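Visitor: Sequence:
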Amino acid sequence: MKLNISRRCFVRAITYSLALLLTLSSLAVIHGLKAEKYKAMIESDDQHALLELTSMIDNISVVLDKGIYATSPTQLSFLSATLWRESEAAKNSLATLPIDGEPLEKIYRFLSQTGDYAMVLSKKVSGGTALSEDELNNMLSLSQYAHSLGAQLSALERDVTVGGLKITAASDPFSDSRAPTFSDGFNEMENSFENYPQLIYDGPFSDNLLEREPLMLSGKPEISHKEAQKIAADIIGSDLRLSTSHDEISSMPCYVFTASDEDNIRYITAAVSKQGGYPVYYLVSREIGEEQLEHTAAVKKAAEYLKKIGYTSLSDSYYEVSGGVCTVNFAHTQDDIICYPDLIKVRVAMDNGEILGFDARGYLTNHRTRSLPPAAISVEEAQAALSPLLTVESSSLALIPTGGTSEALTHEFICRGVHDEGVIVYVNTETGSEENILLLIENNYSVLTR
Numbered sequence: 000m001k002l003n004i005s006r007r008c009f010v011r012a013i014t015y016s017l018a019l020l021l022t023l024s025s026l027a028v029i030h031g032l033k034a035e036k037y038k039a040m041i042e043s044d045d046q047h048a049l050l051e052l053t054s055m056i057d058n059i060s061v062v063l064d065k066g067i068y069a070t071s072p073t074q075l076s077f078l079s080a081t082l083w084r085e086s087e088a089a090k091n092s093l094a095t096l097p098i099d100g101e102p103l104e105k106i107y108r109f110l111s112q113t114g115d116y117a118m119v120l121s122k123k124v125s126g127g128t129a130l131s132e133d134e135l136n137n138m139l140s141l142s143q144y145a146h147s148l149g150a151q152l153s154a155l156e157r158d159v160t161v162g163g164l165k166i167t168a169a170s171d172p173f174s175d176s177r178a179p180t181f182s183d184g185f186n187e188m189e190n191s192f193e194n195y196p197q198l199i200y201d202g203p204f205s206d207n208l209l210e211r212e213p214l215m216l217s218g219k220p221e222i223s224h225k226e227a228q229k230i231a232a233d234i235i236g237s238d239l240r241l242s243t244s245h246d247e248i249s250s251m252p253c254y255v256f257t258a259s260d261e262d263n264i265r266y267i268t269a270a271v272s273k274q275g276g277y278p279v280y281y282l283v284s285r286e287i288g289e290e291q292l293e294h295t296a297a298v299k300k301a302a303e304y305l306k307k308i309g310y311t312s313l314s315d316s317y318y319e320v321s322g323g324v325c326t327v328n329f330a331h332t333q334d335d336i337i338c339y340p341d342l343i344k345v346r347v348a349m350d351n352g353e354i355l356g357f358d359a360r361g362y363l364t365n366h367r368t369r370s371l372p373p374a375a376i377s378v379e380e381a382q383a384a385l386s387p388l389l390t391v392e393s394s395s396l397a398l399i400p401t402g403g404t405s406e407a408l409t410h411e412f413i414c415r416g417v418h419d420e421g422v423i424v425y426v427n428t429e430t431g432s433e434e435n436i437l438l439l440i441e442n443n444y445s446v447l448t449r
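Residue 232 in numbering that gives the first Met the number 0 sits at position 233 of the sequence shown, with consecutive numbering throughout.
Keep in mind the hints are simulated off the structure, nothing from the lab. Predicted, not measured: the structure shown is a model, and the values here were computed from it. Don't be surprised by glycine CBs; every beta carbon is placed ideally from N, CA and C. Hints are supplied without guarantee of correctness; some may be wrong.
[To be verified] In silico EDC-like links for lysine to aspartate or glutamate, alpha-carbon gap of 16 Å or less:
1) K344 - E286
2) K165 - E286
3) K90 - D57
4) K105 - E303
5) K122 - E104
6) K225 - D246
7) K300 - E319
8) K90 - E134
9) K105 - E156
10) K344 - D358
11) K90 - E104
12) K90 - D358
13) K344 - E379
14) K300 - D334
15) K306 - D233
16) K307 - D233
17) K105 - D358
18) K344 - E319
19) K307 - E353
20) K165 - D246
21) K299 - E353
22) K105 - E87
23) K105 - D45
24) K65 - D158
25) K90 - E189
26) K306 - D358
27) K306 - E319
28) K299 - E286
29) K90 - E319
[To be verified] Label-pair restraints from in silico Cβ distances:
30) A80 - S393: 46 to 56 Å
31) D260 - E420: 42 to 52 Å
32) E380 - K165: 53 to 63 Å
Make a model of the complete structure from these sequences and hints.
Guide: What follows is the structure in structure tokens.
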């Protein structure tokens, strides 16, 4: 059948088609420009975090250099407090950077031990005991590694600010050949800690504690690679190009798997313990969009995810929103007593609620069913011993770490101070003495302690 189309209809159809094509092209250009603008904003935020991290490591280097020569309790106490503060801030900045691959365990250990070790030495000097030759050598080693880390960060910073290296540009881990990336720089820094000295001291980040056999894995049978791969798929939520990266040899041996989506937008790493087959950690690297969630929704999604992968009887405590990611701390609860040593951290994307990662190593290292005695000191007796400048808002029982492998059952009092600041006081349920005092840092983006 032959169709007769008038010249006017033909011209009109062509005109409408061209108009539609121009409209769609314009929309594509507009959306493309918006996407590029948003990527530029993310890149700028990440560059700022990198600059802050470099500055903090430089500060740590300077303070460690001073600490080598400090002999008075007053000076060493001041320097130790500065190191602890700078180290914690550096860890927070490092956590916001989009780094592919495995967790930077050695760098985080260095930052944790630097502040913690200096505080332990400060207490020793305050007690009238001089530092030993080994302790001074340890401080010197920490200083040398701080200088090395600072130099590598400065070089990476130059590559980003001058050399055109993009922080947010990820590489395909399944490709045989690829250009160097921002993440490669941090992986090289991680490898530079190969000869990092062991620090044995009375503190929670002492190497003899970090490297001890995880209590929850003790006596558990070893699972097969195939079984671990199924668990990794459950952690990830799908079978996205799941492949083996390598076996992690540490105090918590793991099968490590990687995955990516078809468009190579999301890169994923998941680790499963060889003993017992427990989910150990999980990381997702991708760009984060504009925040859409409230932190309460993020906490709920984190709790649901932990329950889904087999971690139950947990209570959320503190959280922080930074770089479009909400990091939530969960601790085990036993008989309504919160056990802070059994810690799991979960990262949630604030743009769509995706779980971007979790770390259960603290939980797997410390968790077991404890025999907790009844409190010898009542909550009323403990509260009576608090400062009269504090107003108690609530109280509960809490198990807290007290250095080394020790723990103490305490009455946890959430209070308000004279300036309406949050203060948490822990009173030992057996002796009635104050075990610890923390300041509660509260704002629109976080509830943290220090």
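Visitor: Could you run down the list of hints and mark each one as holding or not?
Guide: Here's how the hints hold up against the structure:
{"no.": "1", "hint": "K344 - E286", "in the structure": "violated (20 Å)"}
{"no.": "2", "hint": "K165 - E286", "in the structure": "holds (12 Å)"}
{"no.": "3", "hint": "K90 - D57", "in the structure": "holds (14 Å)"}
{"no.": "4", "hint": "K105 - E303", "in the structure": "violated (30 Å)"}
{"no.": "5", "hint": "K122 - E104", "in the structure": "violated (27 Å)"}
{"no.": "6", "hint": "K225 - D246", "in the structure": "holds (13 Å)"}
{"no.": "7", "hint": "K300 - E319", "in the structure": "holds (15 Å)"}
{"no.": "8", "hint": "K90 - E134", "in the structure": "violated (24 Å)"}
{"no.": "9", "hint": "K105 - E156", "in the structure": "violated (20 Å)"}
{"no.": "10", "hint": "K344 - D358", "in the structure": "holds (5 Å)"}
{"no.": "11", "hint": "K90 - E104", "in the structure": "holds (11 Å)"}
{"no.": "12", "hint": "K90 - D358", "in the structure": "holds (15 Å)"}
{"no.": "13", "hint": "K344 - E379", "in the structure": "violated (33 Å)"}
{"no.": "14", "hint": "K300 - D334", "in the structure": "violated (24 Å)"}
{"no.": "15", "hint": "K306 - D233", "in the structure": "holds (12 Å)"}
{"no.": "16", "hint": "K307 - D233", "in the structure": "holds (9 Å)"}
{"no.": "17", "hint": "K105 - D358", "in the structure": "holds (15 Å)"}
{"no.": "18", "hint": "K344 - E319", "in the structure": "holds (11 Å)"}
{"no.": "19", "hint": "K307 - E353", "in the structure": "holds (14 Å)"}
{"no.": "20", "hint": "K165 - D246", "in the structure": "violated (30 Å)"}
{"no.": "21", "hint": "K299 - E353", "in the structure": "holds (12 Å)"}
{"no.": "22", "hint": "K105 - E87", "in the structure": "holds (15 Å)"}
{"no.": "23", "hint": "K105 - D45", "in the structure": "violated (22 Å)"}
{"no.": "24", "hint": "K65 - D158", "in the structure": "violated (30 Å)"}
{"no.": "25", "hint": "K90 - E189", "in the structure": "holds (14 Å)"}
{"no.": "26", "hint": "K306 - D358", "in the structure": "holds (14 Å)"}
{"no.": "27", "hint": "K306 - E319", "in the structure": "violated (21 Å)"}
{"no.": "28", "hint": "K299 - E286", "in the structure": "violated (22 Å)"}
{"no.": "29", "hint": "K90 - E319", "in the structure": "holds (13 Å)"}
{"no.": "30", "hint": "A80 - S393: 46 to 56 Å", "in the structure": "violated (29 Å)"}
{"no.": "31", "hint": "D260 - E420: 42 to 52 Å", "in the structure": "holds (45 Å)"}
{"no.": "32", "hint": "E380 - K165: 53 to 63 Å", "in the structure": "holds (60 Å)"}
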